[in-house]
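A.B. asks: Okay, here's what each chain looks like letter by letter:
There are 2 protein chains.
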Amino acid sequence: MTTTGAGRPRLTTRKRPGATAREEILDAAAELFTTRGVTSTSTRMIADAVGVRQASLYHHFATKDDMLAALLVGTVDATLACAQALRDAAADAPSTLYALVWFDADQLMTSRWNLGALYLVPELRSARFEQFRTRRSDLMALYASLSRDALVDIGTLVVSEELTHLPFRIVESVISARSDAESTRHSLATPDTIADAAVRVLGWTGSTASLRDTATTLLAAARPVSR
Amino acid sequence: MTTTGAGRPRLTTRKRPGATAREEILDAAAELFTTRGVTSTSTRMIADAVGVRQASLYHHFATKDDMLAALLVGTVDATLACAQALRDAAADAPSTLYALVWFDADQLMTSRWNLGALYLVPELRSARFEQFRTRRSDLMALYASLSRDALVDIGTLVVSEELTHLPFRIVESVISARSDAESTRHSLATPDTIADAAVRVLGWTGSTASLRDTATTLLAAARPVSR
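Each protein sequence line maps, in turn, to chains F and U. First residue of the first sequence? That's 1 in UniProt numbering, and the numbers climb one at a time after it. First residue of the second sequence? That's 1 in UniProt numbering, and the numbers climb one at a time after it.
Everything labelled a hint here was simulated from the structure, so no lab data went into it. The reader is advised that the hints may include incorrect statements.
Unchecked claim - Quick list of simulated restraints, FRET-style, between CB atoms:
(1) Asp88(U) - Ser126(F): 46 to 52 angstroms
(2) Asp92(U) - Glu23(F): 52 to 58 angstroms
(3) Thr190(F) - Asp92(U): 25 to 31 angstroms
(4) Ser183(U) - Gly18(F): 29 to 35 angstroms
(5) Ala181(F) - Asp77(U): 21 to 27 angstroms
(6) Thr110(F) - Ser40(U): 27 to 33 angstroms
(7) Thr216(U) - Thr20(F): 55 to 61 angstroms
From a predicted model like this one, the values you see are computed outputs, not experimental measurements. Note that beta-carbon positions come from the ideal geometry of N, C-alpha and C, so glycine has one too.
Produce the entire structure from the sequences given, and follow the hints as far as they go.
C.D. replies: Below, the structure is given as structure tokens:
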């Protein structure tokens, strides 16, 4: 069922958050993909959830996969921009890493739909999602490079390659925590706790208060750039 | 295409690892679920991959979801048994946690198919997967309880509830690392690194060599029980 009369412009109030029709469509698609699954969602269902006809949908996205690709890229783009701004600020590596982890964990926790829950579905291996996979790999590499610098700064004796991948993994664990939180009623970790964990696994042993202070300052400067 | 003649017992060599027909079916289902997705896999495809007719499949499993449920329970059962054996051994909490993380990370890394990649699919919210969800919740609670004891043992000043959930998250991050390893060519973290990370986030600052030694002894004693 759609809420619009045949052939008439939509006069009802919007059913969905989003400044544009494109954003409304993406919001509806995100809800259906994360609650019903990608394969079980049809463009017809998405059109119904927005309250428009399928033809209007195709004006913005040629296929369901195009919507999914746009949504997935959206989960990493703000963090990539933040990472760039943080690198330009050229602060010490542990504080920079702390700030990046904080920002990323916060956005993964507070985004309207938990789209990261779709990262592991086999469908994402197709060519259509190349751009998303590349950007997520870029982000992964940025985390690893920052973690390598942080290990040296911290003075951890053995700079093992595998250790440099853990902060990224700890950030993304927010996705599965958020998914489980619905059923387990566990409170989600705060971004502070996730950022603390990311530096502790690299060997940071003291208080993290100074890292947090520097990170707060860095993010206050970096945020306008990332929007 | 099946490799068996109509109405004849199968004489060809087995296409799949597994001591029984049931195990062969589960292996084929696991491969298809993790490479094609659950919704895109039909029981017909599973029958073809085993090399039997669909009717033979239904002799073992009434539905595709029954196969998925059995596979998912299999991802947590060995670790639950290990956790029970470790608790009976009554060693100190940090060593016990270290051993549990090591065992769980190892089995998630080395299982033939990366079934954990299916944990977040929306389909698992249905009643059919209640048993799996309950067991995974039990495991999560065991991790949290052990982590709480470890925090006290370590002498971490603030025993925050959210901190007690991180070791479980760090273990499960192995799933997404393994999924990404196919495309990024990153080497997977060893179980040692994952276990180190789990105690470091709880505030363990010294060497982890003694924990590893005790954990090795504990696991040598616990393993026969968990099989």
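A.B. asks: Does each hint hold? Answer for all of them.
C.D. replies: Hints, verified against the model:
no., hint, result
1, Asp88(U) - Ser126(F): 46 to 52 angstroms, "48 angstroms, holds"
2, Asp92(U) - Glu23(F): 52 to 58 angstroms, "53 angstroms, holds"
3, Thr190(F) - Asp92(U): 25 to 31 angstroms, "29 angstroms, holds"
4, Ser183(U) - Gly18(F): 29 to 35 angstroms, "32 angstroms, holds"
5, Ala181(F) - Asp77(U): 21 to 27 angstroms, "24 angstroms, holds"
6, Thr110(F) - Ser40(U): 27 to 33 angstroms, "32 angstroms, holds"
7, Thr216(U) - Thr20(F): 55 to 61 angstroms, "58 angstroms, holds"
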